[in-house]
Amino acid sequence: MNNNFFSRNTTNLGFAVLLLVVLGCSCPQKLSEFTKKSEPSTPSPSNTATVPDKPTTPTPTTPTTPKGDYDLTMAKYSQLSIGMPRSKVESILGGPGTEISSSKGGGVSFSVNKWQGANYKAVILSFKADKIMSKSQVGLDK
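Under my numbering, the first residue of the sequence shown is numbered 700, with each subsequent residue one higher.
No lab work stands behind these hints: they were computed from the structure.
Don't take every hint at face value.
In the DSBU-like style, the derived pairs of lysine-lysine whose C-alpha atoms are separated by at most 30 angstroms in a straight line are [as the list claims (entries may be wrong)]:
id: 1; residue 1: Lys841; residue 2: Lys803
id: 2; residue 1: Lys834; residue 2: Lys820
id: 3; residue 1: Lys813; residue 2: Lys787
id: 4; residue 1: Lys775; residue 2: Lys830
id: 5; residue 1: Lys834; residue 2: Lys803
id: 6; residue 1: Lys813; residue 2: Lys830
id: 7; residue 1: Lys787; residue 2: Lys820
Assemble the whole structure, with the sequences as input and the hints as a guide.
In structure tokens, the structure reads:
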């Protein structure tokens, strides 16, 4: 009986650990998706008088590709190489993509950007000091 008790507890413990690993792997992604969808907070009222808005002239902006509209191909992905500057990447892929994560440490910046295409195609690049550090793709035909 004592051996059966430990066997069940070991099985239950193994299942609990596996469940935590599986949930832990998907939680950061779901959390980042949730925070990106949240609405911006409204500014709190202030005690200062407001000045009427002056008419503004629109400033020219750089054309960007809407999310999911990047024309991603294996040929373009193959042009990307480790160490390539971000500016060259943006010219190959057609824009800056969406920043997934960024940090700065020791005077060096790190970021991860994702370019989303049609039919679940995606290119994900990590940058160190604005140069490709790693690359991956999903759904591109070989």
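Quick rundown of the hints versus the structure:
Proposed proximity of Lys841 and Lys803 is contradicted: the alpha carbons are some 35 angstroms apart, above 30 angstroms. A C-alpha spacing of about 14 angstroms is found between Lys834 and Lys820, which places the hinted pair at or below 30 angstroms, so the restraint holds. For the given pair, Lys813 sits about 15 angstroms from Lys787 by alpha-carbon distance, which is consistent with the 30 angstroms threshold. Distance restraint check for Lys775 and Lys830: the Cα-Cα separation of roughly 17 angstroms lies within the 30 angstroms cut-off, and the hinted pair is therefore satisfied.
Taking the CA atoms of Lys834 and Lys803, the gap is about 20 angstroms. The hint holds against a cut of 30 angstroms. Using a Cα cut-off of 30 angstroms, the hinted pair Lys813 and Lys830 holds, with the two alpha carbons roughly 15 angstroms apart. For the hint linking Lys787 to Lys820, the alpha-carbon distance of about 20 angstroms falls within 30 angstroms, and the restraint holds.
Of the hints listed earlier, the one the structure fails to meet is number 1.
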